Each structure stands twice: as structure tokens, then as C-alpha cells.
Amino acid sequence: MSNGARARKAFMAGAAGFAIFGLAACSSGGTTTDDGSTGTDTGSGEEVTLEFAQWWEPELPEGMLRGLMDQFEEENPGITVELLSGPYASTKEQVVAGAASGTMSDVVGLDGAWVSDFVQQGAISDLSALMTEAGYDESQLASQVQLNGSTYMIPVVNFAYMLFSNQDLLDAAGVDVPTTRSEFEAAAKAVTTDDVSGWILPLSLEAPNGIQNDVMSWVWASGGSMLADGQPDVTNDEVKSAVEFIAQLDADGVIAPGAATLKEQDKVEEFTNGRVAMMVSSLAHINTIRESNPDLNFTLSALPAEDGYTGERGTPYASWGIGVAENSEHKAEAFKLIEFLMSEAANGELANAANAFPGNSTAVPEFVENDPMFQTAFDVWQAGYPANEFVGLPVAEQLMRDFSEQFQSMLAGEIDVDTALANAQAAWEEEF
Amino acid sequence: MTTTLTPPEARAGKGAEPPAASTRRRDLLRRLGPFGFLSPTLVLLIILMVTPIVMVIGYSLMDRVITAPESNFVGFENYGEVLTDPVFMVAVRNTVFFAGASVIAHFVIGMGFALMLNSPMLGHRTKAIFRTVYILPWLFTIAIVAVLWRMLLSPNGIVNYLTETFGLSSGTVEWLSDPSLALPAVTFINIWSGYPFFMVSLLAGLQGISKDLYEAALIDRAGPVKQFFHVTIPQLKPIIISMALLDFIWTTQQFALIWMTTGGGPINRTEMLSTYTYKLAFATYDFSVASAAAVIVLVLSMILAYLYVRHQKARD
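Chain order of the listed sequences is R and W.
Residue numbering for the first sequence follows our numbering, beginning at 1 and increasing consecutively.
Residue numbering for the second sequence follows our numbering, beginning at 1 and increasing consecutively.
In case anyone wonders, no lab produced these hints; they're calculated from the structure.
From a predicted model like this one, the values you see are computed outputs, not experimental measurements.
There may be inaccurate statements among the hints.
Said to hold, decoys possible - A few chain R residues that face chain W, going by a derived Cβ cut-off under 10 Å, partial list only:
{"#": "1", "residue": "D195"}
{"#": "2", "residue": "I286"}
{"#": "3", "residue": "R290"}
{"#": "4", "residue": "P294"}
As the list claims (entries may be wrong) - To list a few chain R residues with every Cβ distance to chain W over 12 Å, as calculated:
{"#": "5", "residue": "W55"}
{"#": "6", "residue": "E57"}
{"#": "7", "residue": "S128"}
{"#": "8", "residue": "E312"}
Stated by the list, open to error - To be clear about the criterion: a stretch of chain R counts as covered by chain W if any three or more of its residues have a C-beta under 8 Å from a C-beta of chain W, and this derived list gives those stretches:
{"#": "9", "stretch": "254-261"}
{"#": "10", "stretch": "380-392"}
{"#": "11", "stretch": "400-409"}
The beta carbon of each residue, even a glycine, is placed where N, CA and C say it ideally should be.
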């Protein structure tokens, strides 16, 4: 071997050593204990630091979630909670990356649409087992997200989706808040002018949850379903009827233009500035609307159902869910945090701050008692049943996107309703 | 007479190093020196570039990576899946149109403005004002560009107001939501945000062209058009080719603008290779197929990068 070759070999060995050192340094994560070691059990009385990744803190009043964590730490000496907070989208990417690398935070904020994928990945723990171990009384939980008979996510607070109506626009057009589809169509036609649209439908493919909140919600409001025995069934009469109804609204020219690229925030903005008379939206937006346009006179009601439907109405909802990472070495402590957040007092406080309905069935947030609009919403919520069939489905976001593409093709006049639904069904079956 | 012979090693142990060993060590240190200086960069390159690329190539040959505890080697199956997916071909066509139209328009607009800013007919103050105005789009981050143009092109936005006011359209135009207009609309936004890069580079090139060449052309009775095609363009050719190649590479990788304006829609009319790959990874969690798509994009980019490097070498 020449000197040059030896030198190159020595250099490469050195570089590889540095690289391995660098990678090793980057690979630590997850639970830490106060002595800096990872994953030490607390049975010995050591301090435990739980990581709690979520997108809730930025959406709550400043210091609110931290305050609850301080309360938890006081009640549970030896456990410290480190909040890892970020916007929804980046939290999702962080949780997905954590699930992939096995460095997920001990406790994670979950969206129902992620659960199936994380369960398949083996990234989140079976909460049923943790509840049994802890002797937890499940009856106080309003709902649980289960797969194969086991709970993997507990909805901490729920944001119901209802019909928001601009009362001034409806009054000016001489129509009442609609309760059936035909009333809705008539009201939307009556209020539509050059400057105002009757309804708004966000179908952006970037965040395709418009399919869940603004399209399928019509199916659930009439007691319908997009699934049969847990499998896709979007060609059934209930879904077809809802899709045909929306296609008719489009043909009537009452849907705000630009639907294909509108996002949820566009929908709220258009309603807030009075350019749209009705929208289906989350109660979480009530305060945003009031802050942006205090003069807007709007009301809340249940989503209109099919004419003649008298059964219970499904109310679409989205949740701030919670789960425990499978890679956590402090699952018992992690569940203590969940138990605390689901307790009547803490859950009520959190729901109150978030303007959401509590995940604890006995908690009643103050805003419901103090605000007639929320009281109405709470009554609608309790009169119906929570409905969101995308929760727990595999690749839920992609299912919405697949449906949205077909729906957009149908609205663009490229295909008819039957073809759109058949194509969506085929795409969904492939994903399942 | 008895003579004791001492081996060279023993002699070396007693006194000074033999000249050969010392030379070898010095030679080794001299050879290692440059590597020492390079090592921080090389370590970073290995960690930040080589390792991820090798990992992605590895993932593309495996099945259900990341999402499953165990994955199997599947050869080029994922590549087959990507290449036979009709949406991938749509994404390729859209990307070629988007990048090609952007580069051509960047060149034409950049050249026009650069010629204007280099013109002796404008005073220094006027040039400074125009230079500032023309370069503005380049100063906005892509998120700002996307939000700005979403508002401008909104059905209730100022663009529709102007087109209606001046009788250019009879009703509301859904610039980003109409399947036939969305791709030209996002391409236009990209053109708007990217032309200053060409303009600045060409302006620097124009300022470097010797005036003697124009004077010689004038003596040969060449008018402004002939001067442009026979003096300006040949002199700027190396810059134009470099800029065009770089711009094409960057534009094919454009993700944020598309994602934030249309999300690849309506339907799949603005689906690009970047959004296609992102959806595979973060919407369907199919990291194996997404890796295969990423490697295909890498290969296409490498071809362009090779052309760029070859051009640079030829220039040197």
C-alpha cells in the first residue's frame, strides 16, 4: 500500500468514526430522568420527566395548559411534564417522525384521523390495558377511539360542527334558519346575490378536511353512513343523496366561488365578513368571529337533515385526543397525566378555555352556562350523537383527498355523481 | 581483528531517527494536512447529505419502511409502482410545463428589465427606483408570495375587480380553482416571484460587456436589434445558460408555493413531482414508494446538475 493510500484509509476511518459519533449523539430522545440518563424507572423514587407533544398550547389562552401541568405536578410529586408545543401541522409531522424513529413523546396529542396508522405502526399504547392496570373508571369518559376492541385514543375535548347562519342576511331575505335540505336550498337561493353567497364549501387538497366537515356532515346529519361493516360504502343511497344535494346547490349557483382551493380559514373569513350567509363550522370559531366582527349577528343550529328525517342527527366533531407512546418507559406516569386531564375539574377547565365540549361526561364548562349561543350548541350536541366516521380509519387524510378529487371532477362537470362515487369507492378500497 | 556489526534498527534506537523514517512521517503529515482542513466539511457532508441520500435509496428498495417493524427487500417494485401511476405522469407533465414556462418567462422578463436598467436613457435616480421596485418580489419569502397571490387571485380579489372594471372578463374568474386556469395561474405566480434572480444576474452581465464591442458594431452599421443579437446575447450566453439550468433545477423542486396555493388541485391539475412525493410520504405514509419517487426526482435533478457542472467546466 502506498503512503497516499494509507493516508486516505486513515482519513476515511477517522471520518467514519466522527460520523458514527455524530449519529449516536443525534439519536437520543424520549423520556429523560433528572440525572440525564434515559428511561430509568421511577420505582426507585427518581424524578420522571414526561414529554407531552401537542398543538393545544398555542390555541389556548397563554399559560393555561402550563397552569394545568403545574397543578398536575403538585398533585404528583416526582413527575415533571415538559410541554412540546407547535402548530397542528408541525405537531403531526413531529409525531409521525417520532413514531417512525421510536422517539415519540411519552404523551401525545392525537387527531382521530391518525390513530389507525399509529396503531398499525405499533407506535401508540393500548390504553384499555393501562386503564385496567390503573383501575380507572371508564364510565366518566364521553367517548373513546377503539381499534380491534382496544382503546388507543381518548378525546379530551370535542369541537362540534354546526350550521352557522348570518341572521341579518336571512332576515333580509325573509327566510328562517333551515332545518331540512330543501329549506336550506331555498334559503341559500334567497340570500344569494352578486356579493353574497348562500353557502361556502372548502375543498382544498392541501387540508382536505372539507370532505369530513362540509360534505360527509350532511350524510351523518340524516343518520347516514359512508361505511358498511367498517369498510368503504360511499356508493350507498345516503351518500349519493347528500352528494347530489350539494351538486344541486352548485348548479343553483349558491356556493361561494373558488371552492376547489378554499381552506377552512377562508370559509370562516368569508362568513365573518358577511360575504357568505351560511357555513358548517366548528364552535371553536365562535370567538374568532366575535373578535373579528363584533357586529355580526349570527346563530347556531343543527345541520339540516333530509326532508322527512325524524331520527337522531349525527353532529360532526373533531377532537383533541390523547394517547401514550408505545416507546414510553413511563406508561403508568403517562396515564396518570391522562387521568388528570380527564378528571371532571381539569377537563371542565380545559374545555372552558378551548370553548369545546368536555371529554368527561360529567363536566360542564362555564361557557355553556354563561353564553346563550353555547347553551344552544350544547343542547344540539346533547340532542344528537357525535359523528365522525373518519376517526380510526387508515390514512384518513388520504381518503378525504381521494374523495375530494372525485368530488371536484364532478363539480367541474367532468364526471357524473355515480362515476365520482364509484371512483372514490375504488380509491378507498385500495387504501383499505 | 574482531568487528561488531550493529543492525540499523539498533543504531536508530541509540541515537537520531534514520532519515528515511523521518521523511516518511513528514510526507504522511503533509499528505494528511489538507484532509485535516477538509474534515469538518466532509463530516458534515457525510452526516447531512450522504447518509440521508443513502438511506432514502435503501428505503426505496424495501417494503413498508418506517411504518412497519419489519420490512423486506423488494428490489425495484416501488419504482415500478411510481412509474406506472398515471398521477405520477401527470405530475411529470405539470412539472415540465411549470419549470419550462417559468424559466423562459424569467429569462424574457429578466432580460427586458435588465436592459431597461442598463439603458443610458434613464437617470441614476430613476434606475435606483426601478431597481428597488423590480427586485421586490425576490425579497418576499415564498409563504408571503403564496398568501399574497391567494388574496389577489381570490374570486373576490383585486385581480377580478380590475378585469371586470376594465371589461376584460364578464364574471368572476376562479383563477386558482378552475381546472383549466390553475396551472397557468401558479406558473404566473412563480414567474412573478422568480424573475428578479435573472434580472440581477443579467444586469451584472450587461454591465460587464465592453463598450468597444458596441462601438465596433455601430461602425459596422449594426442597429440596436443586430447589436442585441450579435453582441449582447453572445456575451451573456454563459450567464444565460448557467441561470437557465439553475432556475430549471430550483423550479422543478418548488413545493411550498404549490402546496400553499392549490395543494396540487383542483383535481390533480397542479400536481407536481414535489407535491406527489410529499403526499405519498405524509398522507398515505407510504415511505417506500415516496422514497422511490424521491430517488427518481434525484436522478432527474442529477442529470440537470451534470449539465450545469459540465457547462461550468467548459466555461472555465
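Check each numbered hint from earlier against the structure, then list the numbers of those it violates in ascending order. The structure breaks hints 2, 3, 4, 10; every other hint is satisfied.
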